[in-house]
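Build out the structure end to end from the sequences listed, making use of the hints.
Residue numbers (my numbering), protein chains in the order written: chain A, 319 to 751; chain B, 319 to 751.
Warning: the hint list may mix true and false statements.
Restraint-style ranges between C-beta atoms, simulated for each label pair [unchecked claim]:
1) A:Arg746 / B:Pro407: 38 to 46 angstroms
2) B:Asp435 / A:Ala573: 20 to 28 angstroms
3) B:Pro407 / A:Ala351: 45 to 53 angstroms
4) A:Gly710 / B:Ala618: 52 to 60 angstroms
5) B:Glu617 / A:Asp334: 52 to 60 angstroms
6) B:Asp649 / A:Ala351: 56 to 64 angstroms
7) A:Asp334 / B:Ala392: 48 to 56 angstroms
8) A:Ser406 / B:Glu640: 19 to 27 angstroms
9) B:Asp649 / A:Asp549: 36 to 44 angstroms
10) A:Ala336 / B:Glu617: 49 to 57 angstroms
Only pairs whose alpha carbons sit at most 27 angstroms apart, straight line, appear in this in silico DSS-like list of lysine-lysine [as the list claims (entries may be wrong)]:
11) B:Lys526 / A:Lys526
12) A:Lys541 / B:Lys541
13) B:Lys526 / B:Lys541
14) B:Lys541 / A:Lys526
15) A:Lys541 / A:Lys526
These are calculated hints, taken from the structure and not from any lab test. All C-beta atoms in this analysis are idealised placements derived from N, C-alpha and C, irrespective of residue type, glycine included.
Number of protein chains: 2
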Amino acid sequence: MSSTRTLAVASKPDGDVAALMSDMGTQAREAAARIARADSAAKNRALRSAAGALRAATGTILEANALDIAAMQAGGATAAVIDRGTLSPERIEAIAAGLEAIAALPDPVGQVMSEWDRPNGLSIRRVRTPIGVVGVIFESRPNVTADAGALCLKSGNAVILRGGSDTHRSSAAIHACLVAGLEEAGLPAAAIQLVPTRDRAAVGEMLKGAGGAIDLIVPRGGKSLVQRVQDEARVPVFAHLEGVCHVFIHAAADADMATAIVVNAKMRRTGICGAAETVLIDRAGADRHLGPIVAALIEAGCEVRGDPDVRAADERTLAAGEDDWGTEYLDAIIAMRLVDGLDDAMAHIARYGSQHTDAIVTEDLAAAERFLAEVDSAIVLHNASTQFADGGEFGFGAEIGIATGKLHARGPVGLEQLTTFKYQVRGRGQIRP
Amino acid sequence: MSSTRTLAVASKPDGDVAALMSDMGTQAREAAARIARADSAAKNRALRSAAGALRAATGTILEANALDIAAMQAGGATAAVIDRGTLSPERIEAIAAGLEAIAALPDPVGQVMSEWDRPNGLSIRRVRTPIGVVGVIFESRPNVTADAGALCLKSGNAVILRGGSDTHRSSAAIHACLVAGLEEAGLPAAAIQLVPTRDRAAVGEMLKGAGGAIDLIVPRGGKSLVQRVQDEARVPVFAHLEGVCHVFIHAAADADMATAIVVNAKMRRTGICGAAETVLIDRAGADRHLGPIVAALIEAGCEVRGDPDVRAADERTLAAGEDDWGTEYLDAIIAMRLVDGLDDAMAHIARYGSQHTDAIVTEDLAAAERFLAEVDSAIVLHNASTQFADGGEFGFGAEIGIATGKLHARGPVGLEQLTTFKYQVRGRGQIRP
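Below is the structure:
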């Protein structure tokens, strides 16, 4: 199922990582030029064929995954890490359905973003174009192989994927299906390449641009990966920092709504970046809000770490230390404190937040509008759960992550964020005076 | 006219550059939070007051400039460099008028870029917001102090300006007027700071982010600055690489239009990044186009460096070497060669171009559309001069440069490109299922 080209790359010794990555980069550049011009039908055919190949290869993929899991267990991986890496027939079907969903999305390439005429008669169009070659560096979850590969293909980019070492067999089995889809559609196999070596030097080469080939790095992983990317990247990066998300319960909040939003924002799924990590409760409404929210969280199985005011309200709470503010628990733990009104809440968020996603709960529209205007985060919500921080929930169809940087992409990164644009100027012989 | 704060910073010894820049960064961050929320009227008042201050300070600015010019002459600067650095009453009036023009532009901050509702009733708005703190590093031209400061202010950003050492007295005199404008409008003086030291270590500190304060670097300068920025920058950069701009004369070009566009694209102003550097002539139309274009260029005072075909057509041409393809002359010199049709022209541009601005001249609309679609440059033109590569000509009102990178900004960088966005989500208590 793999192309000859992929096998040729895979047979290189690990020692020659720079040459390997430069070679992959050259192939990616060539493929990018073809994929940029590929029509939507061909890209969609590749995605649907890949979905079919995935379903047909379910047994092979599960065998590869079993080897990965056995190695992870032997290596003492935690249950959470093993769960993230484990595939099942249902998960493989979900990956295949995801490819079909991306095939069904509108093609961003060639979309006219804006269009205007100049007094001299020049007609200017701003048109979406692919970025070129994207490098995606991810950990553990093998489904990212398919999601990221498909999003980059649909947006007209070539991609070099570097998956987690733990699940390299699973990723390779999934990647083979993507390559089969490309070949079925007559598109270059090198449009979606998977780094065949587990040598971590490959990550360094990608961060340096793989010989000038990579236009953008999208990291998907934990703090150590993010730190390495920040230290070493010589090409643009869609930063994906942690989500230290806050819910601020304003004095004028509806009490039932406040409780429901806090519990959902924390407990629906604790391991996602849009999960709330800190609750700020307006002192002026604390008598109505504090007790019920703490009780509901504890009842839902959440550990509450509070400041002295919170601790005084419910003896089941633990003491929060300075380190708790600004911590992304990604677990059933939440930090909670009282604040003195909207300004104090916004100051706390500015100091400890990660500019990811923050929410206010209030019936006071003026307070809500100030919060929405002044909190400098990618996503700000009024009377809604922070767990809506998700490309699918935004209607983007699929996402490759949530960007916390401010440039180019901010918030959910979907097809549109994986494109750039150019200006097409149409004239009739105009020269500049 | 300078604020106490600015004077305090200026008095620090050069040796402590890291501390100085970190201090400036802290002040910029604080100012950025205020400028981000400043209303349009206050920002416009600051710009108009600064324009008034500039006019009133014309004598002072010219005195400062005279000292800069004298030092440059003593140091053996070239005539071109001295010309770029020289101010006159007319140039100062143009700078003041430029500030007023930026005041008259629409405020990008708070503009709703798009807005949609989700099936669950959530209302999502994508709203323009400032980026934060911008670092602008420029050389020689002291007017950039005012242009860049004003564009950053209007777009709601704080800015740290680091001007060329040669014209530091001129820049300081202009900067004092900007500070006067800010103070007149009740805005923080630290919204527009000028690095007071000529120590080049300050550039390094800016490229490292000035203690985490700088969100974006905008370099305006020659190859050595661009190279340093690429090597050292640890924060996002709006790359401003050279403009190796091509004009391709397709076989089906109108001969008069072709000649007029080539001469304008090269000779209107040879020193700007949108000036054409290479002309590609379709072999199939060479008998009609080559002679007249070469003759017109030479008549206009341009040196033509050609391949053997070009040389054979006109003995006044010189021989082009491999180095001429891809050279940004910024002078009255142009490289010229024949190509075998549209595909060969696009292959030449892909190989030697800088993805800045490229034009096709043809009456064949299908060829034009392929060129506009497939040439991967920030600006692609059909039947128009490459000298239109300019924010003013695009209707952006003013520009801080032309970005040749693909992320966030591409092409002219005006107010809009100096903003980012956030998503505001308005709900009625929605939680995620």
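These are the hints, each one checked on the structure:
For arginine 746 of chain A paired with proline 407 of chain B, a C-beta distance near 39 angstroms keeps the hint of 38 to 46 angstroms intact. Taking 20 to 28 angstroms as the suggested C-beta distance range, the pair aspartate 435 of chain B and alanine 573 of chain A conforms, at roughly 27 angstroms. Proline 407 of chain B and alanine 351 of chain A have their C-beta atoms about 52 angstroms apart, which keeps the hinted 45 to 53 angstroms range intact. The supplied range of 52 to 60 angstroms is met by glycine 710 of chain A and alanine 618 of chain B, whose beta-carbon atoms lie about 58 angstroms from each other.
Our hint of 52 to 60 angstroms for glutamate 617 of chain B and aspartate 334 of chain A holds, since their Cβ atoms are close to 56 angstroms apart. Judged by the Cβ atoms, the range 56 to 64 angstroms given for aspartate 649 of chain B and alanine 351 of chain A is violated: they are separated by roughly 32 angstroms. About 55 angstroms separates the C-beta atoms of aspartate 334 of chain A and alanine 392 of chain B, a value consistent with the hinted range of 48 to 56 angstroms. At roughly 58 angstroms, the beta-carbon separation of serine 406 of chain A and glutamate 640 of chain B lies outside the given 19 to 27 angstroms, and the hint is violated.
Aspartate 649 of chain B and aspartate 549 of chain A have their C-beta atoms about 41 angstroms apart, which keeps the hinted 36 to 44 angstroms range intact. Taking 49 to 57 angstroms as the suggested C-beta distance range, the pair alanine 336 of chain A and glutamate 617 of chain B conforms, at roughly 52 angstroms. At most 27 angstroms may separate the alpha-carbon atoms for a hinted pair to count; lysine 526 of chain B and lysine 526 of chain A meet this at roughly 17 angstroms. About 36 angstroms separates the Cα atoms of lysine 541 of chain A and lysine 541 of chain B, which puts this hinted pair outside 27 angstroms; it is violated.
Among the hinted pairs, lysine 526 of chain B with lysine 541 of chain B is consistent with the structure: their alpha-carbon atoms are about 19 angstroms apart, no more than 27 angstroms. Taking the CA atoms of lysine 541 of chain B and lysine 526 of chain A, the gap is about 20 angstroms. The hint holds against a cut of 27 angstroms. Simply put, lysine 541 of chain A and lysine 526 of chain A have alpha-carbon atoms about 19 angstroms apart, close enough for the 27 angstroms limit, and the pair holds.
Checked against the numbered hints above, the structure violates hints 6, 8, 12; every other hint is satisfied.
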